[in-house]
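Engineer: Each chain, written out:
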Amino acid sequence: MKRIMLLILFLVPALCLAGETVKVKVQKASLFNQPNFFSKTVATLQFGDQLEMEEVVKDWAKVKFGQQRGYIHQSALTSTKVDMKTMLFSSSSSSGASQDEVALAGKGFTPEVEKNYGKAHPDMNYALVDEIERTSVDPSSLRSFIQRGGLKVSEGQR
Amino acid sequence: MKKIILVLLVPMFVGCATATQVATTVGVSAGYITEEQKQAMDKTAVKAEKAARPVSETEEYYIGRGVAATILTKYSLYRNQTVTAYVNYVGNTVVLGSPRPYTYGGYHFAVLDTDEMNAFACPGGTIFVTRGMLKMVRTEDELASVLSHEVGHVAQKHGLQAISNARWTEVVTTLAMETAKTYTAAEMASLVDLFQGTVDDVFKTLVVNGYGREQELQADGLAIGCMKACGYDGRQFVSLLDRLEQTSKQASGGIFATHPDLAERIQAAKGPGTAAARPPAPEERIVRFKKTAISW
Chain H
1 MKRIMLLILF
11 LVPALCLAGE
21 TVKVKVQKAS
31 LFNQPNFFSK
41 TVATLQFGDQ
51 LEMEEVVKDW
61 AKVKFGQQRG
71 YIHQSALTST
81 KVDMKTMLFS
91 SSSSSGASQD
101 EVALAGKGFT
111 PEVEKNYGKA
121 HPDMNYALVD
131 EIERTSVDPS
141 SLRSFIQRGG
151 LKVSEGQR
Chain F
1 MKKIILVLLV
11 PMFVGCATAT
21 QVATTVGVSA
31 GYITEEQKQA
41 MDKTAVKAEK
51 AARPVSETEE
61 YYIGRGVAAT
71 ILTKYSLYRN
81 QTVTAYVNYV
91 GNTVVLGSPR
101 PYTYGGYHFA
111 VLDTDEMNAF
121 ACPGGTIFVT
131 RGMLKMVRTE
141 DELASVLSHE
151 VGHVAQKHGL
161 QAISNARWTE
171 VVTTLAMETA
181 KTYTAAEMAS
191 LVDLFQGTVD
201 DVFKTLVVNG
211 YGREQELQAD
221 GLAIGCMKAC
231 GYDGRQFVSL
241 LDRLEQTSKQ
251 ASGGIFATHP
261 DLAERIQAAK
271 GPGTAAARPP
281 APEERIVRFK
291 KTAISW
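Protein chains in written order, with the working numbering: chain H, 1 to 158; chain F, 1 to 296.
Honestly, the hints are just simulated from the structure, not real lab data.
We treat Cβ as the ideally placed atom computed from N, Cα and C, and that holds for glycine.
Any given hint might turn out to be false.
Label-pair restraints from in silico Cβ distances [claimed, not checked]:
hint, chain 1, residue 1, chain 2, residue 2, range
1, F, Asp-261, H, Ser-144, 33 to 41 Å
2, F, Ser-76, H, Lys-28, 26 to 34 Å
3, H, Ala-127, F, Lys-291, 24 to 32 Å
4, H, Lys-115, F, Asp-113, 23 to 31 Å
5, F, Glu-214, H, Lys-64, 21 to 29 Å
6, F, Arg-79, H, Lys-62, 39 to 47 Å
7, H, Gln-50, F, Leu-217, 37 to 45 Å
8, H, Val-57, F, Arg-213, 21 to 29 Å
9, F, Thr-182, H, Gln-46, 22 to 30 Å
Just chain F, same shape as in the assembly:
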């Protein structure tokens, strides 16, 4: 009886798959299970632990870097220190109001040198906004609207949801076969292929197809919350969407291809968070926006 209790207690002090392995080892030596049963249980425990696990924070970071590198093959980086610094100040302000102010590698904001109107949130926190979108915003509060929407996508890990279930299952199945800390050449080649597929899944959603309706509405809700938490005027979130919708009647591509449901988003955004009147922005906020906007 003592042996049975020992077998049951051992896993309480160690990790799950490891715990199962320790428990089965004790089980074999106590004569409760055979060596074959032990091996089958160990294998199942390792597979179950890995197959069910979500993308880790560090994996999210490396996927995000891959997506950012891919975006930079399509667009050029706009290297203007004043503009980049300002976008990073506004972006990092709204990050502090988000439910996920920390990611593994932190949030970084960059500007893409294109007239196309759009913004992209790479998993892990690298966020791109185009010069075309910057030219559309009229105030710092509207810029905060764009950036906080993208921060909302990062906070909710929407990019990762673009990874096909089949691909992720293949990733974790490959990892379940891993026995050593270093990969063989074949395992590495397989992981690199899966990494490319994963990056492509996210890139296509961000740049070509756009997120789903629910994800856009969720990011809007978070954006309005971020803006409120930081003291930005939520009404300007709605005014920007209104103007984008007006523009969409004469334009196509960019944000209008990846964010098609503007009318519904405007309706959803109109609520307590965007209705309350706020004191006018202080002169400093207005001036710094105007001074920077001439450079984008």
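In isolation and in its complexed conformation, chain H is listed as follows:
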């Protein structure tokens, strides 16, 4: 009986943690008024912002952020639920995890680790990497580039 109790105590966390809150797992993302990258931006979201999931439309999630409603591409979101199937059966570096990415931030390979790695390897030119990351494409210019090139704004592959 005691063994069964121990087993239940250990396994119960796997069967719980239901919730509808999702978090932004990227540095910056837009909340749009339509499920489209070039629709009006309702709000700019930051890493860790919590959203209330309302509906899924193809690759997009309709969410509530404070008093605002809008659409965000699902690749920018992480579940706050822990997916035990992923935890128990996934390979070490496989894709498609649905762990709480925000909770994992600050663990493992962090800016502090990078800083120490850079100190130990001065030949690594992180300033150049920063320079590449500062290169950004303005959304309105990109929209013009797409339209003038006879291309189209994708609504996703699925």
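Given chain H, work out where chain F should sit, using these hints.
Structural biologist: Same frame as chain H, now just chain F:
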């Protein structure tokens, strides 16, 4: 009985390892388990949670930065604003057609100043294309082919799959020992070593050995999907591969060392996504390509 139910319900409101710790604490106070059993269960829960976890989005970002920095020790960056801006426009267009348009740090495209023909996708979304490869492409659609293939590698996290299982297990085991939020000097030194090994694993796959056959075919499939979603001509994906294969008969190194199975990829790429005729590219697309191509 109420106590048993309480013990079982507590984990439903908190995180997994934390939940186990709360549950075991209640279990000890209720007399169901001993303190020693509690400690063993807590330790196992923390280890199980971390040992099984994949690389997080933020870790992917820092690994990618490390790989990019390593690539930049081998190649010089080509600093031409017109070329870099154009490559970023085409790249970000295909990103919008990919299944993973968002990564932690976003996608960034840069050009390497070498005649070697190649392109590299660092985990997290920094993508390099060489001037040699740019000289090989003849249209914006062919450039989109190259970039969308690399975006496909990022979307599928192929770079991370290069990390050896043994190394990642060591990373998570080290983290499982972590008790405080800040690392001790010894823990940090160990993590820095593991970080270097991880970056080296990915770098070797990207630059020296190349991805596996399955990963290349998967990236091709995603690339064709990206191109179709954005309105680029998928047939030009095949025409570029054809030309690369012809070139491979007289060349070696670069893309021909890291992407050896071109004939098989061409066969696999020929399908509905690359067969349908598309309207010719508008003048604007042709002109902007030609105007930029003279600078690479």
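Engineer: Check the following: the C-beta atoms of Ser-76/F and Lys-28/H are separated by a distance inside 26 to 34 Å.
Structural biologist: holds (30 Å)
Engineer: For the pair Thr-182/F and Gln-46/H, does the Cβ-Cβ distance stay inside 22 to 30 Å?
Structural biologist: Given range 22 to 30 Å: holds, Cβ gap about 24 Å.
Engineer: 23 to 31 Å was suggested as the range; check whether the CB atoms of Lys-115/H and Asp-113/F agree with it.
Structural biologist: For Asp-113/F against Lys-115/H, whose Cβ atoms are near 28 Å apart, the range 23 to 31 Å holds.
Engineer: Per the hint of 24 to 32 Å, is the separation of the Cβ atoms of Ala-127/H and Lys-291/F within bounds?
Structural biologist: The hinted range 24 to 32 Å holds for Ala-127/H and Lys-291/F, with Cβ atoms some 30 Å apart.
Engineer: When you take the CB atoms of Gln-50/H and Leu-217/F, is the distance between them in 37 to 45 Å?
Structural biologist: holds (39 Å)
Engineer: Regarding Arg-79/F and Lys-62/H, is the given constraint of 39 to 47 Å on their beta-carbon distance met?
Structural biologist: holds (42 Å)
Engineer: Within 21 to 29 Å or not, the Cβ separation of Glu-214/F and Lys-64/H?
Structural biologist: Violated, since Glu-214/F and Lys-64/H (Cβ atoms, about 40 Å apart) do not stay within the stated range.
Engineer: Is the gap between the beta carbons of Val-57/H and Arg-213/F within 21 to 29 Å?
Structural biologist: violated (36 Å)
Engineer: Is it true that Asp-261/F and Ser-144/H lie within 33 to 41 Å of each other by Cβ?
Structural biologist: holds (39 Å)
Violation of the numbered hints given earlier is confined to hints 5, 8; the remaining hints are satisfied by the structure.
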